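Enquirer: Residue numbers (the working numbering), protein chains in the order written: chain E, 3 to 116; chain F, 3 to 381.
It should be emphasised that the hints constitute simulated quantities derived from the structure, not laboratory data.
It should be emphasised that the depicted structure is a prediction, and the values quoted were computed from it without experimental measurement.
Virtual Cβ for every residue (Gly too), placed ideally from N, Cα, C.
Treat the hints with caution; some may be incorrect.
Okay, derived cross-link-like pairs now, EDC-like style, lysine to aspartate or glutamate, Cα gap no bigger than 16 angstroms in a straight line [stated by the list, open to error]:
#1 K89/E <-> D232/F
#2 K89/E <-> E54/E
#3 K244/F <-> E66/E
Computed, partial: chain F to chain E, Cβ under 8 angstroms [said to hold, decoys possible]:
#4 E231
#5 A235
#6 G236
#7 F238
#8 P239
#9 Q268
Pair ranges (Cβ atoms, derived) [unchecked claim]:
#10 R72/E <-> G284/F: 24 to 34 angstroms
#11 G12/E <-> P221/F: 55 to 65 angstroms
#12 Q254/F <-> A114/E: 51 to 61 angstroms
#13 E8/E <-> Q319/F: 46 to 56 angstroms
#14 P282/F <-> M3/E: 25 to 35 angstroms
#15 P101/E <-> Q319/F: 46 to 56 angstroms
#16 G84/E <-> G257/F: 33 to 43 angstroms
#17 G95/E <-> S159/F: 29 to 39 angstroms
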Amino acid sequence: MMELTEERHGGVDVLTLRGSIHAEDNAAFARVLSRLRREGRSRLVIDAHGLEYMNSRAIGQLVEFSREARLEGGRVVLVRPGPTVAKILHAVGLASLIPSYETTEEALAACAGQ
Amino acid sequence: MPGTGDVVVWLAHGRDGDASGLVEALRRRGIASRIHVGDSPPDGKADLVVRLSDSIAEEDAGLAERLASAGAARAMLLVAPQAASAGCRRAEGGARCVFLADRAWGDDALAALAELALECVRERAEREREKAYLDGLAEAQESFVAIASHDLRTPVSTLRLVLDLLRSGLAQVRTKQPGRIDIDELFEIMGRSLDKMDVFANDIIEAWRLYRGRPEVRPEPVSLNAVVEDIVAGMFPVAMQKDIALDLVKDQSLGPILAEPQRVGQVAANLIGNAIKYTPRGGSVKVLTRPEPGGAILEVSDTGPGIAESERDRLFQRFARGSARATGGEPSTGLGLFICREIVELYGGRIWFESEPGHGARFYVFWPGPRPEGSQARK
């Protein structure tokens, strides 16, 4: 079950995710990302240190968001993804497209300084 | 080694019922795990029926009837007075070994003959097993060769065609000209053909290895969660390509199972790969682990077409390709589930499934765990 909270730090949005993103959570996750895109938000920090699992569809949604954000000069970064999520990102070759940082501050700086 | 099994001592009608000396002699030899004494034919399956009769003439006259009465017994020892003139002879009675013996020989001699009869039963069973194994091997070899030649011919023909196109000069780099072929498309076709051959070669080698003889196993404590997590992560690219939601739900309290990580991974990869293969775009595949008394369960469910009623019995057999079609054109050898079952059984596990046609399939694997300390090893 996914728990999601949102914060805004200037031009950067921070989504804190907890629990797991499974099939039943995909629609809710997609809605948040779509709204951010509609609002023209393209700099996104995902705090994933409490995220145990993210399914393939959620990864796909994140990749799509990241691809569109980059076209507008934005980016998506992660904060301390859990071991399973890190393993998945590595397996799909996304570790460089969606880089990870140790702290939210580092991630915010990386996003804002784009 | 003495034979051990069920021995029924069948007392002919009208006898005084004294078989205690023979039973004692049989016990002394330690050849039977259970001895039943009665004055009617055995009603269950016995390894040996010893019939104590009143006259040899009666036995000879009614041999066929006696054999029929002995039901499923695998050997028969007919004991009658004055049988010495006929000597001890051994005859074939259908699928049974039949011996005739003289009552006067005494209980110890009869018990020795009973041991010989049981030995005969064991030898015969061994021969039958060997024959069934060799027959099965010959049949398997035939089907392996037939399917291998058929399944390898398709990608080889494709590769030959692509090679001809490359030689013809019709293929060009990133061309959109009419009558010309984009060389990248040809490379893609070649890649797919090679993938097919690769999958097939690996499967057929593994299936043959498992079928021919029980491979050596060295079970060790394995974390099912860790193995499954690696396999699921590796499946993400193909799941993403088909927009399939690949979910993993691990029970964190799961203890180790007793197997080998590479083999457990092979089974998990086969089941999860199959689920993704037959699930249409936009569907979902769920992988779950949970504890079970004596071990752990791996469960893989999907939202594919399910398994037709008519295909269920042979699903785990070699080359059992069902009517469902891979939704992304992935190759299938029909060996994956056979390999899974062979591997799971190597470690004393079990594999089964539930499915309602049109509503997906759910496969279960039970992996045994280490026996709790102090418990008896299973014999």
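Enquirer: Take the C-beta atom of Q254/F and the C-beta atom of A114/E, compute their distance, and say whether it sits inside 51 to 61 angstroms.
Expert: Since Q254/F and A114/E have Cβ atoms about 37 angstroms apart, the given range 51 to 61 angstroms is violated.
Enquirer: Does the hinted range 46 to 56 angstroms hold for P101/E and Q319/F at CB?
Expert: Holds, since P101/E and Q319/F (Cβ atoms, about 49 angstroms apart) stay within the stated range.
Enquirer: Has the hinted range 29 to 39 angstroms been met by the Cβ atoms of G95/E and S159/F?
Expert: This hint holds: roughly 33 angstroms between Cβ atoms.
Enquirer: Would you check the hint for K89/E and E54/E, treating anything up to 16 angstroms between C-alpha atoms as holding?
Expert: Holds, because 11 angstroms separates the two Cα atoms, which is no more than 16 angstroms.
Enquirer: Decide if the proposed pair is consistent with the structure: K244/F and E66/E, CA atoms, cutoff 16 angstroms inclusive.
Expert: holds, 15 angstroms
Enquirer: Holds or violated: are the alpha carbons of K89/E and D232/F at most 16 angstroms from each other?
Expert: Answer holds: K89/E to D232/F is near 8 angstroms, not above 16 angstroms.
Enquirer: Should the hint that Q268/F touches chain E count as held when the rule is a Cβ pair under 8 angstroms?
Expert: violated, 18 angstroms
Enquirer: Does the Cβ distance between G84/E and G257/F fall inside 33 to 43 angstroms?
Expert: violated, 22 angstroms
Enquirer: Note whether the CB distance of R72/E and G284/F lies within 24 to 34 angstroms or breaks it.
Expert: For R72/E and G284/F the Cβ distance comes to about 26 angstroms; the hint holds.
Enquirer: Should the interface hint for A235/F be scored as holding, given a Cβ-Cβ cut-off of 8 angstroms against chain E?
Expert: OK, holds: A235/F within 8 angstroms of chain E, min 4 angstroms.
Enquirer: Holds or violated: the 46 to 56 angstroms window for the beta-carbon distance between E8/E and Q319/F?
Expert: Given a distance of about 53 angstroms, which is inside 46 to 56 angstroms, the answer is holds.
Enquirer: Do the beta carbons of P282/F and M3/E sit within 25 to 35 angstroms of each other?
Expert: Once the Cβ atoms are compared, 26 angstroms apart, the range 25 to 35 angstroms for M3/E and P282/F holds.
When each numbered hint is compared with the structure, violations occur for hints 9, 12 and 16.
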